[in-house]
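Start from the sequences and build out the full structure, keeping to the hints where you can.
Heads up: the sequence lines are chains A and W, in that order.
1310 is the number that the numbering used here gives the last residue of the first sequence; the numbers go up by one with no jumps.
113 is the number that the numbering used here gives the last residue of the second sequence; the numbers go up by one with no jumps.
Since the hints were derived computationally from the structure, they do not count as laboratory data.
A portion of the hints provided could be inaccurate.
[Stated by the list, open to error] Pairs of lysine to aspartate or glutamate residues, derived as EDC-like cross-links and limited to a Cα-Cα distance of at most 20 Å, are as follows:
#	chain 1	residue 1	chain 2	residue 2
1	W	76	A	1224
2	W	76	A	1309
3	A	1017	A	987
4	W	26	A	1305
5	W	20	A	1309
6	W	26	A	1309
7	W	17	A	1305
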Amino acid sequence: MSDQDLQESIIAELKTVMDPDLHKDIVSLGFVKNMNVKDGDVKFQVELTTPACPVKEQLKTECETKVSAVKGVNSIEVEMTAVVRAAEHSQPILTNVKNIIAVASGKGGVGKSTVSVNLAMALQMSGAKVGLMDADIYGPSIPQMLGIPISPPKGGPDNKFFPHEQYGLKVVSAAFLSKEGQPLMLRGPMLGGIIQQFLQNVEWGDLDYLVIDLPPGTGDVQLTLTQRAPISGAVVVTTPQEVSLIDAEKGVRMFESVKVPLLGIVENMSYFVCDGCDKKHHIFKSGGGNALAEKFKIPFLTDIPLVDAVVEGGDKGVPIIMADPSSPATTAYTKLAGQVASQLSIIQADKNKPESSFELAWEG
Amino acid sequence: MSEEKSSGSTGPAPKNIKQIDPTKLGITWTDGHESIYAVRYLRESCPCAHCIDEWTGVKRLDPSSIPDNIRPTKLHSVGLYAIQFSWTDGHDTGLYSHDLMRKLCQCLECQ
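Set out below in structure tokens:
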């Protein structure tokens, strides 16, 4: 057998070696590097995504055992190496996007996705080019709220893919990557992989604003995004009650510790206007969002009323801002978009901006 | 990542980062402060989980294990809050937050 043929059988064999966390074989993952086959002597490297990989030895043994069993192999040498993914940060990403807005909350269920959708729509209706990234990998709800049927995104050259389009918005979501109703069950490295794809492989075209709907909490996705995406600013959504405010405060502190500028606080489900008396009922207490903003000296952007048409719009796939221009929620979202846009302009105009992205090669 | 308290998004950040000579790094900060670092000292101060025990905070890196001629190969920004160094000994897992860099400043005023 020629060395060429032998190499092919070895690669076929390595395709049966699975990474237990990523659920893919090490060849497809691109881990196998620098293969050298000469007269039956085989050398190659397996490049993992972290030097601290807990299954490193297990993978090495499996490679050795399987390759040794290939007919024509005399000797085998496997070197385990690792390249940490954070190094990918220095690649230019999202270069055609002028502003990236992260919408976050400490707590789940505060209406973060509803705020994201209506904020994106309000910016779009103001005449801006707007994209919306549903980074809530585990509970993607943006397609539903915008009435986009689940279908795989259209692919382009070089692993790129195109966002879905609805109401003039460009949208990517993890929901498009799985079958309707099926959960995505993923461990950390795959989560990072999906976010990385959203950042690097989407053909957004030119955008004035990219709104990123983050999952609740302060976890993997948030950190990956803050490390790899040049986020212009973050909006933290809360509801008025204490349990939500406590978590929102953690969200604020997270952005502070990674130095993402805070555009401000939005208080959602602030009050209910009853159709009988026009009185504002503060169902979940009042003033909490404002107090949080004051505590951290960041802007209080707006409060958004609890209106049943907002829920209905979300479920039907027509955001309130399109469905009912006269709704008090529409007024609130329009105000929010204006506030966000002006806060971003303030940040952009800061002459004393830190160096946001640099790379320095050492000499000597 | 184990971030402790932060000085907030208003804390100083590097405005200009440059190599001064083969063993010294210089940073000019947004508040006007000028820092100078010996690169070996920065390698010794690596905050990564290999060099500092993540749970106890005890230093695991033996400074004598670092080659005398240690140098960075390159450094780059991580998000808006940190700098990552790659070193000639192959180490590259440390993310030096701006807060940490400021604490490590070796100028006469800070020491």
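Hint by hint, here is what the structure shows:
Between residue 76 of chain W and residue 1224 of chain A, the direct Cα distance comes to roughly 63 Å. Violation of the 20 Å bound is thereby established for this hinted pair. For a cut-off of 20 Å, the pair hint linking residue 76 of chain W to residue 1309 of chain A stands: about 9 Å separates their Cα positions. Between the alpha carbons of residue 1017 of chain A and residue 987 of chain A the distance comes to roughly 12 Å, so the proposed pair stays at or under 20 Å and holds. Distance hint between residue 26 of chain W and residue 1305 of chain A is fulfilled; the C-alpha atoms sit about 16 Å from each other, no more than 20 Å.
Restraint check for residue 20 of chain W and residue 1309 of chain A: the C-alpha separation of about 11 Å stays at or below 20 Å, so the hint holds. Our distance criterion of 20 Å between C-alpha atoms is met by residue 26 of chain W and residue 1309 of chain A, whose separation comes to about 11 Å. A hinted pair counts as satisfied when its Cα atoms are at most 20 Å apart, and residue 17 of chain W with residue 1305 of chain A qualifies at roughly 13 Å.
The earlier numbered hint that this structure contradicts is number 1, and it is the only one.
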